[in-house]
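Undergrad: Using full-length UniProt numbering, you'd call the opening residue of the sequence shown number 1 and step up by one each time.
Source of the hints: derived by calculation from the structure; they are not laboratory data.
There could be a bad hint or two in this list.
[Stated by the list, open to error] Across the chosen pairs, the derived CB separations fall in these ranges:
#1 PRO42 / LYS65: 29 to 35 Å
#2 ALA69 / THR39: 27 to 33 Å
#3 LEU70 / GLU46: 17 to 23 Å
This one's a predicted model, so the numbers in the text were calculated from it and none came from an experiment.
Glycine included, each C-beta is placed from N, C-alpha and C at the ideal position.
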Amino acid sequence: MVQAIPQSPNNWTQPDTQPALYDPVLLRAARQIYQTYRTVHPQRLETPLGVVIHRYHYRGHLIFKKLPALLLDECFIPFTFIQAD
Numbered sequence: 001m002v003q004a005i006p007q008s009p010n011n012w013t014q015p016d017t018q019p020a021l022y023d024p025v026l027l028r029a030a031r032q033i034y035q036t037y038r039t040v041h042p043q044r045l046e047t048p049l050g051v052v053i054h055r056y057h058y059r060g061h062l063i064f065k066k067l068p069a070l071l072l073d074e075c076f077i078p079f080t081f082i083q084a085d
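Construct all of the structure, not just a fragment, from the sequences and the given hints.
TA: Here it is as structure tokens:
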């Protein structure tokens, strides 16, 4: 017999929904979005949390405040992956 352990807010953890590896094309597009932002707004020093990017159209935007709710075809790429080369 299997018993379920009740999940209370104290011991609940959010499942890891981010893939360990990202599509290189998505990474390139996310880096391009970030570089465009830095070119257009050189005076802003705030570091984004990452980029939300559409998996097929490669359109995206930077996220600064909190993690977004993603649509089915969107992917969040953390800034650490954008920054790494």
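Undergrad: Now tell me if each hint is right for this structure.
TA: Hint-by-hint comparison with the structure:
In this structure the supplied range 29 to 35 Å is violated for PRO42 paired with LYS65, their Cβ-Cβ distance being about 21 Å. At roughly 29 Å, the beta carbons of ALA69 and THR39 sit within the given window of 27 to 33 Å. Between LEU70 and GLU46 the beta carbon distance is about 22 Å. The supplied range of 17 to 23 Å therefore holds.
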